[in-house]
Structures are given as C-alpha cells and as structure tokens.
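Peer 1: Given next are the chains, with one letter for each unit.
There are 2 protein chains.
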Amino acid sequence: MTTDPNDPMHHAMIAAEAAAARGEVPVGAVVVGPDGTIIAQAGNRTLELKDPTAHAEMLAIREACEALGNERLTGCDIYVSLEPCQMCAGAISFARLRNLHFAAADPKMGGVLHGGKFFEQPTCHHRPEVHQGHLAHQSAELLRAFFRTRR
Amino acid sequence: MTTDPNDPMHHAMIAAEAAAARGEVPVGAVVVGPDGTIIAQAGNRTLELKDPTAHAEMLAIREACEALGNERLTGCDIYVSLEPCQMCAGAISFARLRNLHFAAADPKMGGVLHGGKFFEQPTCHHRPEVHQGHLAHQSAELLRAFFRTRR
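Chains as they are written, first to last, in my numbering: chain W, 1 to 151; chain D, 1 to 151.
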C-alpha cells in the first residue's frame with residue numbers, strides 16, 4: 001500500500017488489514033481529535049469478541065469516548081475504510097462526530113449512501129459532514145481479496 | 001405498576017425505571033432465550049459509561065451474546081420499553097433476534113416504524129418479527145415523567 005502515513009485513512013486501512021489477518025471482515029476505523037491526533041484505532045472484532053456490535057467504528061468510538069472521558073466526541077472526526085452500516089451511522093451521529101470520511105461505498109450493507117440513509121432522516125439529530133472515496137480502491141480490493149478466499 | 005412478573009416486558013420496564021433512578025433516559029431491554037428464560041436485562045447507561053452506544057438494547061444484546069458465547073442470538077427474542085433507534089435496530093438484526101417486542105413508539109428517534117425503518121430496507125439481511133404496543137402507556141408515562149423533571 002503506497003499511502004501517506006500521516007493520512008488517518010492510511011491507519012484505518014492498516015486496522016482493516018489487521019482485521020483480515022485475524023479472519024474478520026476487513027474494516028478499520030480511526031478517530032482523530034480536533035488537533036489531528038489519532039485518539040482511537042480499531043478493526044472489526046465481531047467473531048473474536050462474539051459481539052455483533054463490535055464493528056470497527058463502534059469499537060473506535062467507544063475507545064475514543066473512554067480516552068476523552070466523554071460520551072460526545074465534539075470536534076473529532078472518524079475515518080473508516082468502508083461506508084458505515086445503519087448501526088454505525090447511528091453511533092457516529094450520537095457521538096457528535098464532526099466529519100465522517102469513508103473509503104469504499106457499501107451498497108449491500110451501507111447506511112449512509114444506501115438503505116435507510118440515516119443522516120437524511122428527520123430522526124437524525126446530528127449530521128456529520130460526509131467525505132467519500134479516498135483510498136476507496138484499496139479498501140474495495142482488500143475486501144474482494146478477503147471474500148475470494150472465503151467463498 | 002400492575003403487570004405480570006412473568007411477562008418479559010415487565011422486566012424491561014423495571015430496567016427502564018432503574019435507569020431513570022440513575023438519571024439516565026428510562027429505557028430498558030430484556031433478551032429471552034428460546035425456552036423463555038431471561039438471559040440478559042439492561043437499562044440505558046450512556047451517561048454512566050460515557051458511551052453513546054450504551055443504549056439498553058445494545059447492552060442487553062452484548063450481555064446475552066457473552067452469556068451464550070455466540071455473536072448470534074438465533075431463536076432468542078428481545079423486549080424493549082421503547083421503539084429501538086436506528087443503531088439498535090441494526091444491532092437487533094445483526095444479532096439475528098427472532099422477535100422484537102417494544103412498548104412505546106418513538107417518533108423522534110425510532111428506527112423501526114420511523115426514520116430509516118431499517119427492517120424494510122434492502123440493506124437489512126435479517127428481519128425480526130415486530131410486535132408493538134404492550135405496556136406502551138406505562139413506558140410513555142415513565143418517559144414523560146422523566147423529561148418533565150429535566151426540561
């Protein structure tokens with residue numbers, strides 16, 4: 001992977017690759033503080049933790065909240081290697097994250113551009129600014145390679 | 001509250017009342033195994049745990065998965081005192097819960113009858129059977145009383 005190690009999405013991709021190495025669907029997420037420091041980094045761990053909620057974004061958000069001692073991540077941003085699902089989109093809103101950056105889109109499970117499009121609903125009371133596409137090709141390739149070996 | 005102690009929704013209401021006593025938004029959830037035994041019971045703890053994902057349903061699902069040693073709760077049912085939000089609806093689907101029973105509807109935050117209506121989306125790959133209304137009045141009254149003292 002030839003990306004910039006100062007780019008948070010690069011670290012989300014590293015977390016996704018680590019998830020693949022553990023046999024988990026390769027998705028990674030990073031939470032960055034208002035000053036640009038990475039405060040949490042996580043990969044998907046649903047199988048390892050036997051927890052259907054242990055998506056990368058959920059783990060990174062919970063870790064960041066613990067680090068900051070606050071259930072709101074006001075002014076923080078999240079970088080995810082894949083479009084968040086409906087559950088994670090909800091958590092991103094509740095955590096008051098400022099910007100959501102995601103790499104590949106997910107037509108099958110995504111909840112931002114697809115399905116219930118949570119951030120467009122009147123039941124969504126905090127909308128992050130959404131940025132999509134950076135490192136999308138690398139992320140999609142990692143997912144394809146992972147599922148090729150499984151199916 | 002004059003309800004049947006053998007009714008799982010009664011126990012969801014007890015968890016909701018306990019949440020209110022802790023200063024948390026009064027929502028409670030109970031997961032019941034295939035044989036009718038309660039395997040997890042939780043109230044909302046977002047403030048206490050400083051965790052925006054610590055909704056009653058999420059905590060009950062995670063506790064039930066830990067109890068069963070499985071990230072899928074196949075054949076289990078969940079009883080919630082309030083319509084699950086978009087995040088919790090996602091978790092209920094991922095956990096493969098069989099039946100979702102909820103008491104009061106939630107037009108402001110709900111994700112089952114309102115907003116993105118997750119279970120009706122093509123991005124939802126497991127739909128529980130949904131049952132609504134039992135103890136709805138008691139749950140709505142508890143929420144109203146809680147917010148009356150806060151606002």
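Treat the hints with caution; some may be incorrect.
You can't tell identical chains apart in this list, so a pair holds if it fits in one copy or across any two.
[Said to hold, decoys possible] Taking lysine to any residue and the SDA-like style, the derived pairs with C-alpha atoms no more than 25 Å apart in a straight line are: (1) K117 <-> L143; (2) K117 <-> I14; (3) K50 <-> I14; (4) K108 <-> P5; (5) K108 <-> T123; (6) K117 <-> N6; (7) K50 <-> G33; (8) K50 <-> P128; (9) K117 <-> P107; (10) K117 <-> T3; (11) K50 <-> A67; (12) K108 <-> L68; (13) K108 <-> R127; (14) K117 <-> G69; (15) K117 <-> R96; (16) K117 <-> A105; (17) K50 <-> H125; (18) K117 <-> R22; (19) K117 <-> E66; (20) K50 <-> T74; (21) K117 <-> A67; (22) K50 <-> K108.
In case anyone wonders, no lab produced these hints; they're calculated from the structure. What you are looking at is a predicted structure, and each value in this text was computed from that prediction instead of being measured.
Peer 1: Is it within, between, both, or neither for K117 and G69, if the alpha carbons may be no more than 25 Å apart?
Peer 2: Neither. Shortest intra-copy (29 Å) and inter-copy (32 Å) distances fail the 25 Å Cα cut-off.
Peer 1: First find the shortest C-alpha distance between K117 and A105 inside one copy, then the shortest across copies, and answer within, between, both or neither for a cut-off of 25 Å.
Peer 2: both (13 Å within a copy, 21 Å between copies)
Peer 1: Using 25 Å as the alpha carbon limit, work out where K108 and T123 are close: within a copy, between copies, both or neither.
Peer 2: both (22 Å within a copy, 5 Å between copies)
Peer 1: Quick one: K108 to R127, C-alpha cut-off 25 Å, is that within a copy, between copies, both, or neither?
Peer 2: both (22 Å within a copy, 15 Å between copies)
Peer 1: Reference check for the pair K117 and R22, CA-CA at most 25 Å: within, between, both, or neither?
Peer 2: neither (30 Å within a copy, 33 Å between copies)
Peer 1: Regarding K50 and I14, is the shortest C-alpha distance of 25 Å or less found within a copy, between copies, in both, or in neither?
Peer 2: within (22 Å within a copy, 27 Å between copies)
Peer 1: 25 Å Cα cut-off: does K108 pair with P5 within a copy, between copies, both or neither?
Peer 2: neither (30 Å within a copy, 41 Å between copies)
Peer 1: Measure nothing new, just compare the shortest in-copy and cross-copy C-alpha distances for K117 and N6 to 25 Å and report within, between, both or neither.
Peer 2: This pair counts as neither: shortest intra-copy Cα distance 30 Å, inter-copy 39 Å.
Peer 1: First find the shortest C-alpha distance between K117 and L143 inside one copy, then the shortest across copies, and answer within, between, both or neither for a cut-off of 25 Å.
Peer 2: within (22 Å within a copy, 27 Å between copies)
Peer 1: Have a look at K50 and K108 and pick one of within, between, both or neither, based on CA distance no larger than 25 Å.
Peer 2: within (22 Å within a copy, 31 Å between copies)
Peer 1: If the cut is 25 Å between Cα atoms, do K117 and E66 qualify within a copy, between copies, both or neither?
Peer 2: neither (28 Å within a copy, 30 Å between copies)
Peer 1: At most 25 Å between C-alpha atoms: does K117 with R96 qualify within a copy, between copies, both, or neither?
Peer 2: both (17 Å within a copy, 22 Å between copies)
Going through the hint list in order, the structure does not satisfy hints 2, 4, 6, 10, 12, 14, 18, 19, 21.
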